[in-house]
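Peer 1: Chain residues, written in single-letter form:
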Amino acid sequence: MTLTPAEDRGDPPYDHPDYRSSALRAPRRLYLLPEEWHDPTGPVFGESDVDPADADLTRQHEGEPLGERILVSGRVLDDAGRPIPRTLVEIWQANAAGRYAHQVDRHPAPLDPNFTGAGRCLTDADGGYRFVTIKPGAYPWRNHPNAWRPAHIHFSVFGRAFADRLVTQMYFPGDPLFPYDPIFNSIRDPKARELLVADFDLERTEPEWALAFRFDIVMRSTPFE
Amino acid sequence: MRTPSQTVGPFFALGLRDRPCPEGPVRLEGRVLDGAGEGVPDALVEVWSPQAGWGRCGTDAEGRYAFSVRETAHLDVQVFARGLLKQVRTRVVFEPGETAKTFDVRLQDDAFYVA
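In the order they appear, the protein sequences are chains A and B.
At position 106 of the first sequence (counting the first as 1) the number is 106 in the numbering used here, and the numbers step up by one without a gap.
At position 7 of the second sequence (counting the first as 1) the number is 7 in the numbering used here, and the numbers step up by one without a gap.
Chain A with its partners taken away, still in its complex shape:
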């Protein structure tokens, strides 16, 4: 196996026995991408790919969802600090009770008829995005006895090149479940883990309405442009 530069960027290793699902799925043969396969291009998204209503997960049904209303915003940047405008940001999450509106989720917590838990938007000229949603609940899973996932929101981002594609999870500050979660702790560098924990953002809080969290996403800047 070739040693990979992926470790440098704080990514988790594929092989992480504490995360049981990786046992039969983690790849075993990894090579550096051949030079001739480098491609600085990727999909381009536009207004037709999103509806402005997609960024407000609390207004996708007749009524308002239950739970703690929150604003999640931030910027998508490359690792040279440049904003990545007009890129597609997609999120999905559990409801306030810790249940996903997905048929495979068997957690005996209530579904919320007013919450699907999926949103998308394009970043603006400064790489900024903003979602209105509900704070997701923690939920149990079967990885090990009494396993619970810390509350999180899944994020998918495209960036400039398809090679830069990133799927990750945003966590909430001060979660007592952090030390016990093998997915969060698959990232070995504590500083890299910290990048997945949103900051509480009092300035962006909307008084009498919603708390705010800030989550910036730093992507690889394609070196082949």
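Since the hints were made in silico from the structure, they are not lab data.
Note that CB positions come from ideal geometry on N, CA and C, so glycine has one too.
It cannot be assumed that every hint is accurate.
[As the list claims (entries may be wrong)] Derived coverage of chain B by chain A (criterion: at least 3 residues anywhere in the stretch with Cβ under 8 Å from a Cβ of chain A; other residues may be distant):
no., stretch
1, 13-19
2, 32-39
3, 78-84
4, 108-115
On the provided structure of chain A, position chain B as indicated by the hints.
Peer 2: The following block gives chain B in isolation, referenced to the frame of chain A:
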């Protein structure tokens, strides 16, 4: 420092909806298989090339995926799944004039690439 990757998890279909590539005459299909040779029913396959554009497809109960794409010399392929803390990357290469290709992704037997 870059934002690290985390697994797409089992419920990605809520947020990452299937999208076909721009329609074309080339059929690409296959299965995503785990280390025991079983189909992976909760994988997401994304493909891209400048000629064929972008598409994505969640696997079915047997781990199958399929795309119909324009003619292209290759497609870059990324596969996301529960159990993968980051996606795996590979490439399908087409012969000139090839209109149907079966491309299985064996997560623990095939070679993958790190960008």
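Peer 1: Each hint: holds or not?
Peer 2: Taking the hints in turn, this is what the structure says about them:
1. Judged by the Cβ-Cβ criterion of 8 Å, the stretch 13-19 of chain B is covered by chain A as claimed, because 4 of its residues qualify and three suffice.
2. With a cut-off of 8 Å between beta carbons, the stretch 32-39 of chain B has 4 residues touching chain A; three or more are needed, and the interface restraint holds.
3. Remark: the stretch 78-84 of chain B is confirmed as covered by chain A, as 6 of its residues place a Cβ nearer than 8 Å to a Cβ of that chain, reaching the required three.
4. Only residues whose beta carbon comes within less than 8 Å of a beta carbon in chain A count, and the stretch 108-115 of chain B has 8; three or more means the coverage holds.
Hint compliance for this structure: no hint is broken.
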